[in-house]
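Protein chains in written order, with my numbering: chain S, 14 to 524; chain U, 19 to 140; chain P, 693 to 875; chain X, 2 to 148.
Treat the hints as calculated values from the structure; they're not laboratory data.
Mixed in with the good hints, there may be bad ones.
Facing chain X, according to a computed beta carbon distance under 10 angstroms, are these residues of chain U, among others [claimed, not checked]:
{"hint": "1", "residue": "Val36"}
{"hint": "2", "residue": "Gly68"}
{"hint": "3", "residue": "Ile69"}
{"hint": "4", "residue": "Leu110"}
{"hint": "5", "residue": "Ala114"}
{"hint": "6", "residue": "Ile117"}
Just so it is clear, the structure is predicted and the values come from calculations on it, not from any experiment.
We put the beta carbon where it would ideally sit given N, CA and C, even for glycine.
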Amino acid sequence: MSIPLPVFVALPLVMAFLLPMFGKKGKDAATALANLATVSLLVLTIISAIQLSTGNDQLYVYKIGKWPIPLGINLVFDGLSSFLLLTISVVSAAAMFFSIRYMEQYTAKSKYLSLFLLMVAGMNGVVLSGDIFNLFVFLEIASLASYALVGFGCEHEELEASFKYMVLGTVSSIFILFAVALVYGNTGTLNMAYISKAIQDAGLNIGLTFALALFVVGFGLKSALVPFHAWLPDAHPSAPAPISAMLSGILIKTLGVYALARTVFNIFGVSVSIGWLLIVLGLLSMVVGVFLAVGQWDLKRLLAYHSISQMGYVVLGIGLGALILARGGNTAWASLAILGGLFHLVNHAVFKSLLFLNSGSVEMATGTRQLKQLGGLATVMPVTRATSAIASASIAGVPPFNGFWSKLIIVIATVKAGFYSLAAITVIVSLVTLISFLKVQRYVFLGELPEKLRATEENKCSMLIPMIFMACLCVLMGLLLLIPTLRESILEPAVRVLIDGLKYSTNVMNV
Amino acid sequence: MPYALCLLLFMIGLYCVVVKKNMVKIVIGIMVMEYAVNLFLVMLGFNAGGIAPIIDKTQYDPQTQQIAASFINSSVDPLPQALVLTSIVISLGSLALMISICTRTYEKYGTFDITELRRLKG
Amino acid sequence: MDIFYILLLFILIAAIIAVETKNLLSAIICIGAIGFGASLMFLFLRAPDIAITQIVVEVLGLIVLIRATISRDLTFISGDKEFFGTVVSVVIIFVIFLAGLRVFETLPDFGISIFRQAQNAASQTYVREGLRQTGAANLVSSVILDYRAYDTLGEATVLFTSIIGATVILRERARKQLEDSDE
Amino acid sequence: MKGMTVIVKTISSWVKVLIFLFGIYIVIFGHLTPGGGFAGGVILASSYVLLMLAFGREFVQKNLPLGISSKLDCLGAFAFAMIAILGFFYGGIFFCNFLVERGQAFGLISAGTIPLSNIAIGLKVGASLFLVIFSLSIFRRNTSANK
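Next comes chain S alone, as it looks inside the complex (with noise of 0.2 angstroms):
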């Protein structure tokens, strides 16, 4: 491997340290610098990507400070990382070029630049560590700079969903903290690896059994799951529209999903009784989420209980694929249900951080995201107007764009695991979601142009690009899973890891 894999963590911490020396005055060059920071993330990643997929090796392993594997902290890069980390540096770059403009309107803006920095490099050490506390830590700096960014705002709402998202996340961080501590008490390592080495010789016996308990409810809570919920509907609106974009996009698929899916699948081992939990809970979000949202007159949360929905499908179809490796069924359906969630995670962080971008340009224009207020908007903002109606037809599952592939996939995979009234609720809840973007495009863009609204112009130029790179990606998404090489080089690896399970912890300890 030729790129050190912590540069992903400490080239956006070096540049975030940097970046609030800079001050009024430098506010440009520190912007400059954090896009460099974020789009160098972007090719670096995909460098390693391809290093991965066309290696022999299935997984690096860099031992940081050259300590052997259980005395110092190890970083681990195989195919889920790899996957996680495209779509971070995917959907950060894209937040971060549409910042340049629209946090105009903000005051201290190298301090946001500096704090994005840090979410991001929060999240790929999240997404890279293989030690359990490590995990923590990286987990708890990706969430501070997050309930910072909610309140940056500092209006009345922003600041009350900032307190409760900050309340309900420190909980789910003490609540992890804790389960590190019992799984430390039990088995005497924080390695994954060696953890998980530790429950294979010794079973699971009813401490871990509490611990995994305590993982299921903390990562539960970072990743908004419908029982944990109450933060999200109130927190991802209030932030500006990037940070939104990102938090929906991918902070609640990292910290949440991804940790959640480390846990479960190569440290504990999946079990029957997991597999249920991870489906019920993923249907719940689903319908509940839903049929929330429908109700909403507020753009940027109803598309934030879409949000809750969406995770619903990823969290089922991984939750499918545990049920049915832990009952020994047939591997293949277990790899198309993961397969179909993985694929379901990556296409939501583009069209929901899309649909984001959107009404933040909507609001920067208008100055409201009240549905009943707006209307019209399809003649005075075509690009914004085309990307929506790319990003909706995507949300909503329509033929040719992304959504429609990952949920056909998991749709098939209920049908072939014999769950055919799960299926039947999945192409519902998407029908449902149909018609609530529906009503999206009636009420922002088409009908009458209000009389307020007539002076709308279509934004500057610097917030056009990310939503049209966004767009572009949404429709030729499908084609990752079509195409076989693009198929085998970046998707079947993240479902591999997760398939074999407890292999894990031999493949690490063997590099």
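Please arrange chains U, P and X on chain S, whose structure you already have, making use of the hints.
Frame of chain S; chains U, P and X shown alone:
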């Protein structure tokens, strides 16, 4: 048994976070939970009759570079202590951020009561 | 061993007072009592590093908390609690507590640390080879700044993040008029 | 706030030096005795907080303006990250303790990069905690002025 008392402390904190309506009280509940977890972690590494994991000059032989067996056999576990050091600083950081949000909210609404906030937002 | 029970009981009593008292200032002072109790506890658990850190962090944390509450108009809590909700949460928390009690059976007894029993636990190497491999006599220092220095980088970053966040939240003016200059 | 009485001012002007020296001692000897960068940094911050309580904000702001403490904060964090990166250049791997061979065990100069990291962390923690308490108190003054 000391572990159970630690869990009780944790649960008192959780109760405070869930039930109380005052922002500062919620922060206090979170702090109590953090204390409980920190104590639990350090207790995990404790040895009855142990000594602190700091090597004294008398326990070290410069010629052979050997550490006395008395230290090796009775030292407590240094790893949980390192973890707790990290977690104390993390909790200080989140305390600072949370208190800033509280003061700013107080300035906006003039109250620390979260049910009042919902009413005022209206 | 008795000293631990005495200190834990002290901490528990302080915690109950801190949670239940109506006066915010005395709640904060009780938090201080918990902190100092915890610090003593760390000292008796043979963790002087944490004891020092805990006590200084406690002092600063108290200053921050008192700054936030003192001379506010409202240091007393009023208002009625919903009785039903409180009872439900208390019952749920009590059930979790009873379930959690059984968890500790699988841990080694208090006073026997896990690293003496577990195979290839990292701490065995830290104790035996720490001085030779890192050169630091304080093994906690050698763990946080050499074996697990990456964690400490994360920890420093957490502090940095929260401070930047706090200054961002406390800045005077958040939004400004968008100047329509050409780019 | 113009500060407190003469007695408090006199005593704290004596004590502040002791606290400051104690903080520096804790930071520098962190690899030999209990303590280290975090504890020492907090003590350094508390010496300035004591000055702020005794003499009032304006006095401290003259000695250590906000801008400088914010820059020190960034600098400390950056220095710690630099130690990691220097490990990469000299030892080929991040956080490689590339100076570990220097010095005698139990000497002040021993343990390679550990004392350097302690100093960087002490600087960072001291500056940042001072900064947060200072901004909290400034914020309060502004709001009361507005009222």
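Quick rundown of the hints versus the structure:
no.	hint	result
1	Val36	violated, 27 angstroms
2	Gly68	violated, 15 angstroms
3	Ile69	violated, 13 angstroms
4	Leu110	holds, 8 angstroms
5	Ala114	holds, 5 angstroms
6	Ile117	holds, 7 angstroms
The structure does not agree with the numbered hints 1, 2 and 3 stated previously, though it agrees with the rest.
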